[in-house]
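Participant: Mind docking chain F on chain P? Use the hints.
Each chain is listed here by its residues.
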Amino acid sequence: MIKIAIASGKGGTGKTFVATNIFYSLVNNQIDSILVDCDAEAPNAIAFFDVKPDSSNEVTQLVPVIDKEKCTFCGKCHEYCNYNAIFILPPSKIIDVIEDLCHGCGACLAACDYDAISEKPVSLGNVTSYKYKTSLSLVEARMNIGVMSPVNVIKAAIKQIKGQAGIAILDSPPGTSCPFIQTVEQSDYVILVTEPTPFGLSDLRQSVEILRTMHKKFGVIINRAGLGNNQVQEYLYNEKITLFLEIPYKRETAELYSKGKLVSEIDQFFEKQLLAVIENIIKQNGNSNNKR
Amino acid sequence: MEIATISGKGGTGKSSLSAAFATLNGNVVLADCDVDAANLYLIFNPVQEEENVYISGHKAVINYNLCTGCGLCINYCRFDAISDVNGRVIISEISCDGCFLCSRICPEKAISMMPNDKSRLYSGSFRNGRMVYGRLAPGEENSGKLVNLVREKARQTAKEFGLETIILDGPPGIGCPVISTITGVDKVVIVTEPTISGLNDMQRTAGIVKKFNLPSCVIINKCDINTSMSRQIEEWCFKNDITIAGQIPFDRIVTEAMIEAKSITELNPEHEISNKIKIIWKKILNQKK
Numbered sequence: 001m002i003k004i005a006i007a008s009g010k011g012g013t014g015k016t017f018v019a020t021n022i023f024y025s026l027v028n029n030q031i032d033s034i035l036v037d038c039d040a041e042a043p044n045a046i047a048f049f050d051v052k053p054d055s056s057n058e059v060t061q062l063v064p065v066i067d068k069e070k071c072t073f074c075g076k077c078h079e080y081c082n083y084n085a086i087f088i089l090p091p092s093k094i095i096d097v098i099e100d101l102c103h104g105c106g107a108c109l110a111a112c113d114y115d116a117i118s119e120k121p122v123s124l125g126n127v128t129s130y131k132y133k134t135s136l137s138l139v140e141a142r143m144n145i146g147v148m149s150p151v152n153v154i155k156a157a158i159k160q161i162k163g164q165a166g167i168a169i170l171d172s173p174p175g176t177s178c179p180f181i182q183t184v185e186q187s188d189y190v191i192l193v194t195e196p197t198p199f200g201l202s203d204l205r206q207s208v209e210i211l212r213t214m215h216k217k218f219g220v221i222i223n224r225a226g227l228g229n230n231q232v233q234e235y236l237y238n239e240k241i242t243l244f245l246e247i248p249y250k251r252e253t254a255e256l257y258s259k260g261k262l263v264s265e266i267d268q269f270f271e272k273q274l275l276a277v278i279e280n281i282i283k284q285n286g287n288s289n290n291k292r
Numbered sequence: 001m002e003i004a005t006i007s008g009k010g011g012t013g014k015s016s017l018s019a020a021f022a023t024l025n026g027n028v029v030l031a032d033c034d035v036d037a038a039n040l041y042l043i044f045n046p047v048q049e050e051e052n053v054y055i056s057g058h059k060a061v062i063n064y065n066l067c068t069g070c071g072l073c074i075n076y077c078r079f080d081a082i083s084d085v086n087g088r089v090i091i092s093e094i095s096c097d098g099c100f101l102c103s104r105i106c107p108e109k110a111i112s113m114m115p116n117d118k119s120r121l122y123s124g125s126f127r128n129g130r131m132v133y134g135r136l137a138p139g140e141e142n143s144g145k146l147v148n149l150v151r152e153k154a155r156q157t158a159k160e161f162g163l164e165t166i167i168l169d170g171p172p173g174i175g176c177p178v179i180s181t182i183t184g185v186d187k188v189v190i191v192t193e194p195t196i197s198g199l200n201d202m203q204r205t206a207g208i209v210k211k212f213n214l215p216s217c218v219i220i221n222k223c224d225i226n227t228s229m230s231r232q233i234e235e236w237c238f239k240n241d242i243t244i245a246g247q248i249p250f251d252r253i254v255t256e257a258m259i260e261a262k263s264i265t266e267l268n269p270e271h272e273i274s275n276k277i278k279i280i281w282k283k284i285l286n287q288k289k
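Taken in sequence, the protein lines are chains P and F. Once you know that position 195 of the first sequence is 195 in our numbering, the rest is easy, because the numbers rise by one and skip nothing. Once you know that position 164 of the second sequence is 164 in our numbering, the rest is easy, because the numbers rise by one and skip nothing.
Read the hints as simulated data drawn from the structure, not as lab findings. Heads up, a few of these hints could be off.
What the hints assert, rightly or not - With a straight-line cut-off of 25 Å between C-alpha atoms, the simulated BS3-like cross-links for lysine-lysine are: (1) Lys133(P) x Lys261(P); (2) Lys109(F) x Lys76(P); (3) Lys76(P) x Lys283(F); (4) Lys261(P) x Lys272(P); (5) Lys282(F) x Lys239(F); (6) Lys120(P) x Lys3(P); (7) Lys272(P) x Lys133(P); (8) Lys283(F) x Lys239(F); (9) Lys217(P) x Lys272(P); (10) Lys283(P) x Lys272(P); (11) Lys3(P) x Lys162(P); (12) Lys262(F) x Lys276(F); (13) Lys133(P) x Lys93(P); (14) Lys109(F) x Lys120(P); (15) Lys59(F) x Lys118(F); (16) Lys109(F) x Lys187(F); (17) Lys216(P) x Lys118(F); (18) Lys120(P) x Lys159(P); (19) Lys59(F) x Lys216(P); (20) Lys259(P) x Lys239(F); (21) Lys159(P) x Lys282(F).
For reference, chain P alone in the conformation it holds in the complex:
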């Protein structure tokens, strides 16, 4: 299995647009593939396909439960907790867990010398599998509203697809911090989707910087080409970064996307272009063009 992450520093450059159209093109050409929506904070990929949920797994995290009978209010758990998730006032015999701050590391459990701490699971979100055209081929990570970090839900989704298809397309969350890292870390190749604007370029530079330190192979697709200036192209040229494709800005494309429709479904040329990108990646996977 080859895992290809579709990512971008800046949000709204067209990650989901590219990921869903690539996935459609692959399935339409009988290429064994799976689409994983890793943007657990704002998942949207399934809206583009006529699918029904097949199965769903809850993703949980452990949080401590403190037995106040056994607790001596020694404060060791509070001292061990690096997330300030344990609130303690020894003179008043008050101790409380702030579940929203807990990362589930288990340090408090290890700290307690009086067997006063046990753990219970709390829900973080769900990983749902969907059937598309008879096979199980869409997986969505969806974080519950109010949960702080999508990382555990993303990890669970990627774990779930292990060995399931020839090609996995991972629709990544925006940004360059932990949710992005967790997604690209698991992938063999990264397609960065950007737009030819100053914001697009600035965020692209940051993504390139981090992918290079991670020694990940990557290439770029420019979406909405023609809308801004040529600085992204110049940057890619100077940095010797592969530019796979420029998708021209067209109002019709934006309109189709807004309705949840796929361009590759009606535009065979676009479908061929996307397939060529994937073929190219599979071919060059193994040589180390983009490594520093």
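Facilitator: Frame of chain P, contents of chain F only:
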């Protein structure tokens, strides 16, 4: 007064609108809370006056002169960050959450915690007042904590310079940096677009805003890309008692302004889009709820 602009979905036009708001009336404090991918400095080229190091967390590092390879840390680590590779205990920098547990339980005291000190908090002046912005080093964690620092600094600055309005430009998503951006603000402005993703993400964003019980309104940007979807968004907002502050059609002036390093209203104050933004801003400032 603190006004936060967020969206759930990225690329709906948060930063372009925040930039316009920041240049509309008098001096403000502008705080870029998208510490992951800060962009407003590109438009305002602020004069940096202060730089502070932000420790975003810690990473566990093994001293192999002391490590006996007992593997106790592997059993304790909940983040799958430690593994045994051919008899050598390896810590993955990416998976390490910085919880300190391994460093506490190691019988040989072979693990130490190194601070991540590459992130920064900046403040300075720009042509319409003061600006506070953060830069989270790529791959680092705890963006919510850095957002809290950005906001604290913005409040201090507002007091110090006697500025009334603080404009917060938020990150995409609905996770911890977004929650840090909106907690306790006077108004949340949700910028959406008439696409399926825009609608879905706006609903999730409205959910988080509701959870914190904050007054909010919605702007539908690029409203003419799909007018029936715009109507759907209007209906949903009406049903959920959320005011629509205004609708803005798609226009290339948004990108043109960005390229000229100006806000939309600076580039062409009399443009149709600028006039719409001015009306929306007035509405946001005057809306009571």
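Participant: Each hint: holds or not?
Facilitator: Going down the list of hints, with the structure as the test:
{"no.": "1", "hint": "Lys133(P) x Lys261(P)", "verdict": "holds (16 Å)"}
{"no.": "2", "hint": "Lys109(F) x Lys76(P)", "verdict": "holds (18 Å)"}
{"no.": "3", "hint": "Lys76(P) x Lys283(F)", "verdict": "violated (52 Å)"}
{"no.": "4", "hint": "Lys261(P) x Lys272(P)", "verdict": "holds (18 Å)"}
{"no.": "5", "hint": "Lys282(F) x Lys239(F)", "verdict": "holds (24 Å)"}
{"no.": "6", "hint": "Lys120(P) x Lys3(P)", "verdict": "violated (33 Å)"}
{"no.": "7", "hint": "Lys272(P) x Lys133(P)", "verdict": "holds (20 Å)"}
{"no.": "8", "hint": "Lys283(F) x Lys239(F)", "verdict": "holds (20 Å)"}
{"no.": "9", "hint": "Lys217(P) x Lys272(P)", "verdict": "holds (23 Å)"}
{"no.": "10", "hint": "Lys283(P) x Lys272(P)", "verdict": "holds (16 Å)"}
{"no.": "11", "hint": "Lys3(P) x Lys162(P)", "verdict": "holds (10 Å)"}
{"no.": "12", "hint": "Lys262(F) x Lys276(F)", "verdict": "holds (17 Å)"}
{"no.": "13", "hint": "Lys133(P) x Lys93(P)", "verdict": "violated (60 Å)"}
{"no.": "14", "hint": "Lys109(F) x Lys120(P)", "verdict": "violated (30 Å)"}
{"no.": "15", "hint": "Lys59(F) x Lys118(F)", "verdict": "holds (13 Å)"}
{"no.": "16", "hint": "Lys109(F) x Lys187(F)", "verdict": "violated (49 Å)"}
{"no.": "17", "hint": "Lys216(P) x Lys118(F)", "verdict": "holds (21 Å)"}
{"no.": "18", "hint": "Lys120(P) x Lys159(P)", "verdict": "holds (22 Å)"}
{"no.": "19", "hint": "Lys59(F) x Lys216(P)", "verdict": "holds (21 Å)"}
{"no.": "20", "hint": "Lys259(P) x Lys239(F)", "verdict": "holds (22 Å)"}
{"no.": "21", "hint": "Lys159(P) x Lys282(F)", "verdict": "violated (49 Å)"}
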